[in-house]
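J.: Sequence:
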Amino acid sequence: MFAAHTSARRLRRGLAARDHGDVPEARKLFEEALRVARLGDAWCAAGDAASSWGDLERDTGNLTEAEHHYRIGAVQYRRAERSARSARGRVRCLEELGDVLLALGRPWDAYRVFQEGAEAAGVDPRAVDVRGAGFVTREDLRWTSHLATAAQAAGRRKLAEEHYEAVLHGCETRRDVAGQILCWQGLAALARDRMAWADAAHSLENASNLYSALPDPEAHTDEWVACLRELGAVCKTLGRRDEQIRAFKLAVRLEQIAASGTGLAGDTSV
Numbered sequence: 012m013f014a015a016h017t018s019a020r021r022l023r024r025g026l027a028a029r030d031h032g033d034v035p036e037a038r039k040l041f042e043e044a045l046r047v048a049r050l051g052d053a054w055c056a057a058g059d060a061a062s063s064w065g066d067l068e069r070d071t072g073n074l075t076e077a078e079h080h081y082r083i084g085a086v087q088y089r090r091a092e093r094s095a096r097s098a099r100g101r102v103r104c105l106e107e108l109g110d111v112l113l114a115l116g117r118p119w120d121a122y123r124v125f126q127e128g129a130e131a132a133g134v135d136p137r138a139v140d141v142r143g144a145g146f147v148t149r150e151d152l153r154w155t156s157h158l159a160t161a162a163q164a165a166g167r168r169k170l171a172e173e174h175y176e177a178v179l180h181g182c183e184t185r186r187d188v189a190g191q192i193l194c195w196q197g198l199a200a201l202a203r204d205r206m207a208w209a210d211a212a213h214s215l216e217n218a219s220n221l222y223s224a225l226p227d228p229e230a231h232t233d234e235w236v237a238c239l240r241e242l243g244a245v246c247k248t249l250g251r252r253d254e255q256i257r258a259f260k261l262a263v264r265l266e267q268i269a270a271s272g273t274g275l276a277g278d279t280s281v
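Counting along the sequence shown from 1, when you hit position 122 you're at 133 in our numbering, and nothing is skipped either side.
Note that these hints are calculated values from the structure, not bench results. Model, not experiment: these values are computed from the prediction.
Pairs of lysine to aspartate or glutamate residues, derived as EDC-like cross-links and limited to a Cα-Cα distance of at most 20 angstroms, are as follows:
id, residue 1, residue 2
1, Lys260, Glu234
2, Lys39, Asp66
3, Lys260, Glu229
4, Lys169, Asp204
5, Lys39, Asp70
Computed beta-carbon distance windows for the label pairs:
id, residue 1, residue 2, range
6, Val86, Lys247, 46 to 54 angstroms
7, Gly133, Lys169, 23 to 31 angstroms
8, Asp70, Ala207, 35 to 43 angstroms
9, Glu36, Asp204, 42 to 50 angstroms
10, Glu150, Gly272, 36 to 44 angstroms
11, Ala207, Thr75, 30 to 38 angstroms
12, Ser94, Arg123, 23 to 31 angstroms
13, Arg99, His16, 14 to 22 angstroms
14, Glu36, Arg99, 23 to 31 angstroms
15, Arg264, Gly166, 31 to 39 angstroms
Each residue gets a CB set at the ideal place from its N, CA and C atoms; glycine is no exception.
Please construct the entire structure, taking both the sequences and the accompanying hints into account.
T.: In C-alpha cells:
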C-alpha cells in the first residue's frame, strides 16, 4: 500500500511537470514512480507510471522509447490482480503500442499486438460472422478496425479485406456513417493495390455518397473533395468519361460552396 501511494504521488508530480513542459523532470518522476511501484509489487501503479512514461516519449517523438515503456506497462497491468482498472490499463497500453509500431514501420508486429489487445478487451475477430446481427459493439468495431489497418500496412490484403468487411457490416448495423466511409476507403486502397480499378471505383463511389449523411458534412469538405477526385481519377483509368466528369464537377462545386460559406445543400451524390 505504501509503495502504491508513494508511486501515485510521484506520478502526479510527473504529470504536472509534463503539463508545464518540463520533460526531463517528468521523465525523472515517472522513472521514480515506476521503480517504487515495482519494488513494492504495486503492479497497477507500475502500469500507470510506465504508460504515462510511454505517453511522454510518444508525444516527444521518441517512438522506440515509447514502445519500450508501453510494453513494460502492459506487463505490469497483466501481473496485477484482475480488476477493471488493470484490464483497462492493459488494453490501453496495447492499443498505444500498436499505434507506435505502425508509426515505426512495423505493421506485422502491430498486428500481433492488436490481436493481444483485442483478446484483452474481450474481442475475438476470428469468431466474427459478418452476416450476424450481433457484431455491433464499439469494442468489436474498434479492434477489428485496428487489425484491418495493420494488415493492410503489412501487405496482407486478403486478411485486411476480411477485417474491413466485418467492420463495414458492423458500422452499417450501427448506422455509423463515418466508420462506413473509412471502411470503403480502406477497401478502395486495397483494390488499387491489386489494380482492381472497378472494385476501387465501387468503393470510392460508396464512400463519396456517404459524406452528405455525416452530422456535419461541411467539416469534412476537404476529405470529400479528395475522395471525389480520387474517384474521378479511377474512372478515367477505366475509361468511364461521364462518371469521371461528374465526380470532378461535384468536387469543384463543393470547393466553391466551401469558399462561399453558404453551406452544403441539394443533391450531392455522385
